[in-house]
Amino acid sequence: MPEPRKTPSETPVLEVHDLHVTFRTEGGLVPAVDGIDFAVAPGQTLAIVGESGSGKSVSSAAVMGLLPSNADVKGEVLLDGRELTKLTAEELRKVRGNEVALVFQDALSALNPYYSVGWQVAEAYRLHHDVSKKEANARAVRMLDLVGIPSAAQRARAYPHEFSGGMRQRVVIAMALVNDPKVLIADEPTTALDVTVQAQIIQLLEDVQTEFGTALVLISHDLGVVAEVADDVLVMYAGRAAEQGSVKDIFYRAAHPYSLGLLGAMPRVDVPPKHRLTTIPGSPPSPGSIETGCPFQPRCAYTERVGERCITERPLLTPRPGEGNHEAACHLGRRPEIAQEVARTGIQENAAPEGAPLQQSAAQESAPLEHSAAKAEGPLQPSAEESAL
Amino acid sequence: MPDLVWFVIRRLLATVLVMLALSLAVYLIFYALPADPARLGCGKPCTPDRLEQARHFMQLDQSTMQQYLQFLKGIVAGRTFGEGAAAVQCNAPCFGYSFPLARPVTTLILSRLPITASIAIGAAVLWLIAGVSLGLGAALRRGRLFDRFAVGFALVGVASPSFLVGLLAILVFGFWLNMVPVNGYVPLTDSPVDWAWHLVLPWVVLAALNAASYIRLTRAQMLEELNLDHITTARAKGAGEGRVVLLHGLRGVLVPIVTIFGLDLGGLLGGAILTEKVFSMQGLGELLISSVGQLDVAVVVGVTLFSAFLVILANLVVDVLHGVLDPRVGHA
Ligand SMILES: Nc1ncnc2c1ncn2[C@@H]1O[C@H](COP(=O)(O)OP(=O)(O)OP(=O)(O)O)[C@@H](O)[C@H]1O
Ligand code: SF4
Ligand SMILES: [Mg+2]
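If you're matching them up, the sequences are chains Y and S in order.
Its first residue numbered 1, the first sequence is counted upward by one per residue in this note's numbering.
Its first residue numbered 1001, the second sequence is counted upward by one per residue in this note's numbering.
Just so you know, the hints here were simulated from the structure itself, not pulled from any lab data.
Given the structure is predicted, the values throughout are model-derived calculations rather than measurements.
A few of these clues could be false.
[Claimed, not checked] Partial list, derived from the structure: chain Y residues whose beta carbon lies under 10 Å from chain S:
(1) H17
(2) L66
(3) L87
(4) A89
(5) G97
(6) A101
(7) A110
(8) L111
(9) S116
(10) Q120
(11) D130
(12) V131
(13) K134
(14) F163
(15) A176
(16) I185
Every residue gets a Cβ at the ideal spot worked out from N, C-alpha and C, and that includes glycine.
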């Protein structure tokens, strides 16, 4: 696991405050995002995780002003202190792709099949720079080269369907980076790719982030990747933040039963295949269907310990012990009990691997946490190996 | 692009074969009809002798297969009907000879083609522009008043019989409002202004009716296209709405539009029968209809084959354009 790069003094380049997104549909109002906050500083990576439908993509689209017209967006989106939700269409256009850029899940459908990849990268540049086509093409070729497309000058003339999945995603990343954006939002950039290619693309994202000092918002289902590259993590559940904090906070000191469930659901290389994936029983509620109480309550194994409050009172984000901004939205305030519970129910089956770091972090907490920490550490090492492939 | 060249060559060879098969079929069908073209050409009173003479002159006394081979030979080398001073010469490429009109079919087709082409191309350009822009506007204003109007117009257009609309247009704009001429054709080379002026009504009528399917196609395809991920990419890159819609959206709709446009135009160039009839234009369609009435089988065969050829050609052009417009389509 890389050393945390976070230096708390850094001012965020992108700040989102109390973001609400409601869709007006024929079936009524659908609150897809219900009040989330996050921030990311230059060179930092914020990972957003959560099950399908938890509002990850909607949140990132809201930042870019890319939601369809039936979406009501409330809240603040500040880019270098500038309120993006109040911009005119033309002002917003100048921000998109220039200061904030997007990398999509499926690079094949994200690229236009009718134009060469070089043209598409050059177009992104020309939309924000007053340069000749020739200069833009040269810039596009340089970017394609930078993201690792072999013989970029020739390949620039090829069309998206003539590339492999991984190469296409590199093209999309080149297109997103061509204007040297301050913030890069990658929405599940590796889901559509082979495992080995996934590792390469994540490596590429890390490399370009280091090179350009880009703030990265990484939406991912892959907790192994998150543990490897993120500085901060936002765990979303049913349009709200269940828990957020530094990557260590989430992986070693998870305070929300949902986060623990996700960590339990994380595939591990060191566990025999039949035990590999513990999924959280049940499925997330449709957004807005739970009006009072905790949205996770129907699936929560800890609700009996708290009792009525889980049903009657919505848990708000409250500070938890950790590296600073660790917060969780759960009534169950006493972290050690959870850890004990985890140990007892046997969600984690493995003792700490030898030489697992974190002893000291675990030592700060109560003893049973050691298991939890070790468990979280387990998958990190294999994925670090994978990325070296 | 050598691939494309080979593709065109292969397709042209295939076209020749298809045309051969088609011409044989058409020949057999029309010459198997009980009508006897010689009877029309034998004058009055038509004695059996003179009928036999006429048959011989028109080379109708040979077997059907022989006649067909004569027909093919005529295309390559020309034909001569009769002998001596009365002989009629039909130069290559000879697609038959019309005895009632006393002209080679090739000459007839070539003299009528400019009229039909003027009608067809002018109307096609109009309906392409009108249909695509209305369909585009409808897609962008989906569910709103403009969309309802365009969709309604498309429905009416598809359902309306062209001759009725044509007659109505003549009545209103020609006779009542006296705005435009109601019939007649002035060659482009004589006076471009008069040419266009005489064609305004048929153009508008044909365009109004054909635009309907283009409105529906453009609207439906555009709605689909605008939902695709790469449209979101274009917006995320910072492309303005105009660029998103035209360069990224409409670009993807080009292939289906070009396809039906090519096929529609190819079909119409072979004769806009009803329109020519309604507006009294002496085009290919009118030639075909009057020849059927005259039992002028040579002309019927010639025009039918020519129309078929245009349709096949349109298909070829459309296929070539597919490869040019869609990089995913190969011609290998
Ligand atoms: N255009 C829309 N109209 C109505 N509801 C929408 C629309 N787009 C998204 N939603 C709803 O918003 C919720 C959040 O969707 P979102 O795409 O953000 O999920 P996600 O967390 O990105 O999931 P995944 O991991 O599957 O990508 C979903 O319940 C979805 O049904
Ligand atoms: S508030 Fe209650 S139901 Fe919700 S996660 Fe915490 S313990 Fe579970
Ligand atoms: Mg998503």
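Evaluated hints:
| no. | hint | verdict |
| --- | --- | --- |
| 1 | H17 | violated (22 Å) |
| 2 | L66 | holds (6 Å) |
| 3 | L87 | violated (12 Å) |
| 4 | A89 | holds (8 Å) |
| 5 | G97 | holds (4 Å) |
| 6 | A101 | holds (7 Å) |
| 7 | A110 | holds (5 Å) |
| 8 | L111 | holds (6 Å) |
| 9 | S116 | holds (8 Å) |
| 10 | Q120 | holds (8 Å) |
| 11 | D130 | violated (13 Å) |
| 12 | V131 | violated (15 Å) |
| 13 | K134 | violated (19 Å) |
| 14 | F163 | violated (12 Å) |
| 15 | A176 | holds (8 Å) |
| 16 | I185 | holds (9 Å) |
In summary, the structure is inconsistent with hints 1, 3, 11, 12, 13 and 14 from the numbered list given earlier, while agreeing with the others.
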